[in-house]
Each structure stands twice: as C-alpha cells, then as structure tokens.
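Chain Z is already provided as a structure; the job is to place chain U with the ligand on it using the hints.
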Amino acid sequence: MTRIGRQLSIGKTDNTSDQRTPRKRLRLIPTDVRESFVPVIPAKAVQRQNEWDLTRIAQNRPRAEGSPIEVKGTVRNENGTLLRGALIEIWNANHYGRYRHVEDHSGLKLDENFFGIGRVITDEYGNYRFWTISPGAYLARPDIGRWRPKHIHLSISCGSSRLITQMYFPNEPNNASDPMAVLMGDSFDRNLGKPYETIIPEVDRGYDFDIVVGGKNAIFFE
Amino acid sequence: MTNKQQPILLLPTNEDTTGPYFPTYFSDESYEDLTQIHSGVIAGPTGQHIILRGSVLDRNGKLANGVLLEFWQANAKGIYRNPSSENHPDLDPWFDGYGRLRSTTGEYTYRTILPGASKDRAPNITVTIFSDGINRIVTQIFFANQKANEIDPLLKTLSDQDRKRLTAKYEGPSPDGADVYKLDIIMAGDNETPFFDDFLS
Ligand SMILES: [Fe+2]
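Going down the list, the protein sequences come from chains Z and U. Using my numbering, read the first sequence as starting at 48 and increasing by one per residue. Using my numbering, read the second sequence as starting at 5 and increasing by one per residue.
Bound-form chain Z, shown alone (with noise of 0.2 Å):
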C-alpha cells in the first residue's frame, strides 16, 4: 500500500482555515528521516502558586464570577503509557465569554476576578486537576450569527507527546455547528468533558477529560 500524507479540510465557516490551510497536500516524511522531526520537550515545566485554581486570582480573592467547575483526569499515550510531570497549560473565557488576552477586542464584559489562565502538572499516575469558571460560549462570526461553544483550551507537553486540544461541554446547542467540531465527526465525543455529581462544595460540577496524545500525534519516544 503506497502511504500519502493528508490533504487537511478547511472548517467550514471559519475564514482563518480558509486564509492558513495549507492547500497542498502533505508530503510523506521520508522513513530515514523521522527522528529529526519529533522535539523532545525538557522537562524544565513552571506553575505559578495557586495556577490550578482559575476561579480567582489569587489565594483568598473573591470568586470570579460564574459557575465554578472542576476539570480532572489522566493524561496518557496512545499505547496506554501514562504521561507523568506534563504540563498543562490552560486558558477559557471568562463567564461572559471574554478572555483577558490583549489581543480580545470582543469589548464583552471583563471579570475583575478571573484570569483565565493557569498551569498544571500531573502526577506520578498521570493524574491532573484544576478548577475554573464555566466559560461562556462567544460569537465568533456576528455576520452569520455563529457562536463558538463552551470550550477550554489545553495544551500539553511532555517529552516527545506534544498536543493542543479544546474541552467542550456535552449538550451544548454550538457544538453541532463549530467548524472544528464538524471536522472532527464522531470522534468529537472524545473531546467533550463527562458531567459528575461533586459533593466538594466549592464547585457545582465536576468533568472528567481524560487526554490521549496519538494519532497523527506520532508517538516516537516512549
């Protein structure tokens, strides 16, 4: 069987796919060559104080505004290896749908309370939790009236495992018409967080994300 690389799909609806999607075909990295293309990221991993709780900014603040939540699971390889020490970085919209990132001219409503940005790393079992405010779905095209869904963005990096990925919330009216979520197809479901009952009285619901990095993430260095 004769290998081709992909030819990636634009997201419907979204201009930037459309204006940085590379039209071309991938090309096939030549066997010889491989090792060369995987970085091996030094574990040399940074968390500030309290980053693993985003619903205030600081220790003893008030809480942000909105639904505290809890985020959990384990973080592991496609062979099922439990990533142990990786970073996870983290940012989501604040309950009305803005981030505190300079560059966000949405001009929706700031939380004096919330950051929206944190760090984590797992454990010894692969293990990662943090908490965060519920984030608030944004529009994203005012023109055709499409919205981006609840979503947490995540990015991990452990060695050679290397993934950036969204969080969406399960039943959520959005999701059916993300760009990104359609490419994904049925697979989607395995970027939603699973809904559980708490009983920590700090948050109101618990998910759990449980993160696999493979695919056409190539796991190269166990």
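Heads up, a few of these hints could be off.
Within a straight-line C-alpha distance of at most 25 Å, the following computed DSS-like cross-link-like pairs (lysine-lysine) qualify [stated by the list, open to error]: (1) Z:59 / Z:91; (2) U:173 / U:151; (3) U:81 / U:123; (4) U:66 / Z:59; (5) U:123 / U:66; (6) U:173 / U:186; (7) U:173 / U:123; (8) U:151 / U:168; (9) U:186 / U:160; (10) Z:71 / Z:59; (11) U:160 / Z:71; (12) U:173 / Z:71; (13) U:168 / Z:71; (14) Z:71 / U:186; (15) Z:91 / U:81; (16) Z:71 / U:151; (17) U:66 / U:81; (18) U:66 / U:173; (19) U:186 / U:81; (20) U:151 / U:186; (21) Z:241 / Z:91.
Simulated from the structure, these hints should not be mistaken for lab results.
For chain U with the ligand alone, coordinates are given in the frame of chain Z:
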C-alpha cells in the same frame, strides 16, 4: 518505521485549533533565545549564533497574527537531545534544542545556534506551527550555502522550487556577531511552503 507494530489501545483526543488567544503569559525568554541560559549566568551552548527571522503569511499574503511557533534542532555537533542519544559524548550540557515563541504580528525572530549536520543530513530546524484555523503543521528549515543541502535525503524528495521555499537566505551578520537568516513561511496559496505529514510512517 519499525517492524514491531505496537497495538493501538486508546483512541486519541482530537487536536484542535489553538485559537487566536494563546496566552502570551506562557512566554518564556529562554525558549526564544537558545544562545544563553539566563542573562545573569555565564553559560551557553557551543556554536555559531544565528538569528532566524521572517514572516508567517496566509493565503492572501497577509501576516498570520498570533501564531505559535515551536522549533527543534540538533546541537552544533549534530546531536539531538532525545532518548536515543542519552549518553552521547557530544551532547552539549547547555543545549536542549527546543524553542517556542508566539508572534503577535506574524513576524518572528528566533535566536539560536547553527545546528550541526546530523548523520547524512544538512543542518536544519524543525518548525511546528500552531494557530487559529488549523491544527499543527510541520516543516523543516534549511540554510543557504550549506554543501550538505545537495545530498540531504529530505530535500532530495522535493522539487527545486520547494527546496528554495525551505532554504533560509543569508542576510549577513548582526551587530553582535550572529549570522542572520531569513525565511518566510507561507501557510497556503500559490507559493505555499511544503509541509510534512506527522504520521508515523
Ligand atoms: Fe477560545
């Protein structure tokens, strides 16, 4: 790649677009300049300092603002710091080879050392682009006037035109003695940069 086929046990989480708001808060200067460990410490890798710069452009020739670039390369002696080189005598204690920067405008300036030729390869830097609108795309950048470019097994698979699209032009030395190389990366369109598939093949 290997004969031992590992059984796939788990279904991978889908990659997704980075979106426009990757936090600059996560920036780390030591990932944007690999020539020094920290400005207050006498330590740094062996090798010729270089500045690799250019623009990342979209299909309309516009700057691709907000892109996150990750870089990966061998040290001056051509050795990658990875699990297969763990006890290699030519590892440089002051060089990991991994860098990362987010470009607000789409223009980038990355400071590092000129990678050595690894095995039968020409010196090169692997670049991964994460951005809004796409999942990651990957390529390798080469350097003008390197003899080994003519025999590089990756460059050999490409047309003359595509080879040019991956070869950074030499622009002369910077005031502080780094060699400056320039390459524009064109994400889509007529003059598109060749990108490579990330399948383990
Ligand atoms: Fe977002």
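Structure-inconsistent hints, enumerated in ascending order: 1, 5, 16, 17, 21
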